[in-house]
Amino acid sequence: MTASSNTTAPNPAPPTHLGWFVGIPTAALVWWLAYSHLTEWADWVVATLGLSRETHLGEAVHFFAYDAPKVLLLLLGIVFVMGVAQTFFAPERTRALLSGKRLGIGNFLAALLGIVTPFCSCSAVPLFIGFLSAGVPLGVTFSFLISAPMVNEVALALLFGLFGWKVAALYLVTGLMIAIVAGLVIGKLKMERFLQDWVREIHMGQAALPTGNTLTWNDRLAAGLRHVREIVGKVWPYVLIGIGVGAGIHGYVPEELMVKLLGKEAPWWALPAAVALGVPMYTNAAGIIPVVEALITKGAALGTTLAFMMSVIALSLPEMLILRNVLKLPLIATFAGVVAMGILFVGYLFNFLLT
Amino acid sequence: MEVKVLGTGCANCKNTVQLIESVAKAMGVSIRLEKVESLPEIMRYGVMSTPGVVIDGKVVHAGGIPTRAQVESWLKAAS
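If you're matching them up, the sequences are chains A and B in order. For the first sequence, the residue numbers in this note's numbering are 1 to 355. For the second sequence, the residue numbers in this note's numbering are 356 to 434.
Misleading hints may appear alongside valid ones.
[Said to hold, decoys possible] Once the Cα atoms are required to be at most 27 Å apart in a straight line, the calculated DSSO-like pairs of lysine-lysine come out as:
#1 Lys431/B with Lys234/A
#2 Lys380/B with Lys369/B
#3 Lys390/B with Lys369/B
#4 Lys431/B with Lys70/A
#5 Lys390/B with Lys359/B
#6 Lys431/B with Lys380/B
[Claimed, not checked] Not everything, but these chain B residues come out facing chain A in the computed CB check (under 7 Å):
#7 Ser393
#8 Ile397
#9 Met398
#10 Ser404
#11 Ile410
Please keep in mind that the hints were generated in silico from the structure rather than gathered at the bench. Since the structure is predicted, the reported quantities are computational estimates derived from the model, not experimental observations. The beta-carbon is built from N, C-alpha and C at its ideal position, and this holds for glycine as well.
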């Protein structure tokens with residue numbers, strides 16, 4: 001949701017029960033029809049423009065006309081479902097579920113809840129303190145903080161759209177593993193003393209917030225629509241730019257170059273270099289994945305490119321600067337180090353499994 | 356009426372402030388709007404996801420920009 005939709009025009013009235021009853025099946029049908037005719041559509045676009053897929057330009061146009069609508073459709077669908085699911089998991093509820101949980105089961109639960117709990121990196125600090133002050137162990141809190149940005153619906157939708165469900169599932173599972181294991185390690189290291197002093201002294205107020213239980217299905221579905229407007233409204237330009245760049249690479253960049261730089265013939269240090277390169281880069285999954293796809297179709301290794309992507313999303317410099325307010329340097333360094341190791345491991349694993 | 360918007364200065368927080376201002380103006384309700392940016396103070400309200408909205412000392416909303424209808428109902432209830 002943008003500011004302008006709030007301040008300039010009044011929001012449209014939320015649909016009624018009947019509206020949802022008719023609207024959702026209709027939207028689902030239209031969605032399915034569009035999704036199942038993408039190849040015909042792309043062929044038609046190329047033919048209408050008088051191009052041939054034999055040419056660089058034709059191939060690039062086909063790539064764009066197929067991938068752009070496909071990814072946008074998947075985003076719409078998955079983001080809507082997640083928007084509805086998130087109404088069941090307010091941060092307060094997640095905190096209550098995690099409070100007092102032991103290391104181990106707690107980390108597992110925290111990583112899972114990280115997927116469905118609404119999270120914005122600008123709220124990372126209040127969330128962090130809120131969890132700790134409610135008795136959620138430090139290691140469990142970190143599992144949540146790692147999983148929430150890394151295993152997000154936009155990344156999953158894009159991976160699913162561009163690489164298929166196997167790669168999306170592999171990303172989901174390994175992302176959760178990294179969050180669980182990194183949280184366990186941080187918990188075992190007993191690093192509570194590296195919290196900033198003011199954090200340990202803080203007295204967290206108990207807010208009497210309305211819980212999610214009072215929401216009707218109308219409210220939840222409306223929240224799903226709002227989530228779509230907010231997320232898809234924000235990321236669609238990146239998706240189009242990303243796919244555009246991808247289409248360019250797809251049509252024009254010679255294959256041998258990529259294979260040498262990032263593919264099977266790449267030196268062993270290409271992977272750590274890719275991870276290091278990802279840290280100062282801060283973008284959302286939407287912008288980077290289409291580029292990643294194009295790199296891979298040109299022979300870059302999947303593990304290296306995915307590790308690069310995880311590093312861009314999960315280890316962002318701005319988020320670490322925010323966390324610096326609550327964590328002392330050794331704890332931040334440990335956090336970054338453990339997550340980077342996890343990503344490296346996943347990268348080598350993917351490269352090993354898929355060659 | 357005293358309205359506080361809790362948030363560390365992200366875009367959503369600024370949008371929330373603007374929204375409340377414009378709704379109050381449209382409804383002709385006079386409010387004292389304050390932005391709370393200090394983290395310890397935000398935490399005192401028990402809010403974990405920003406922006407949060409506090410009306411006369413009571414937290415009525417947390418996490419994300421409220422809808423226009425929500426803001427209208429708060430202002431109506433309190434005026």
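Hint check results:
1. Lys431/B with Lys234/A: Roughly 32 Å between the alpha carbons, so the hint for Lys431/B and Lys234/A is violated.
2. Lys380/B with Lys369/B: Distance ~17 Å between Lys380/B and Lys369/B Cα, so the pair holds.
3. Lys390/B with Lys369/B: holds, 9 Å
4. Lys431/B with Lys70/A: violated, 45 Å
5. Lys390/B with Lys359/B: holds, 6 Å
6. Lys431/B with Lys380/B: Status holds; Cα separation ~13 Å.
7. Ser393: Constraint on Ser393/B not satisfied, violated at 11 Å.
8. Ile397: holds, 6 Å
9. Met398: The hint holds - Met398/B has a Cβ within 7 Å of chain A, the shortest such distance being about 6 Å.
10. Ser404: holds, 5 Å
11. Ile410: violated, 13 Å
Hint compliance for this structure: hints 1, 4, 7 and 11 are broken, all remaining hints hold.
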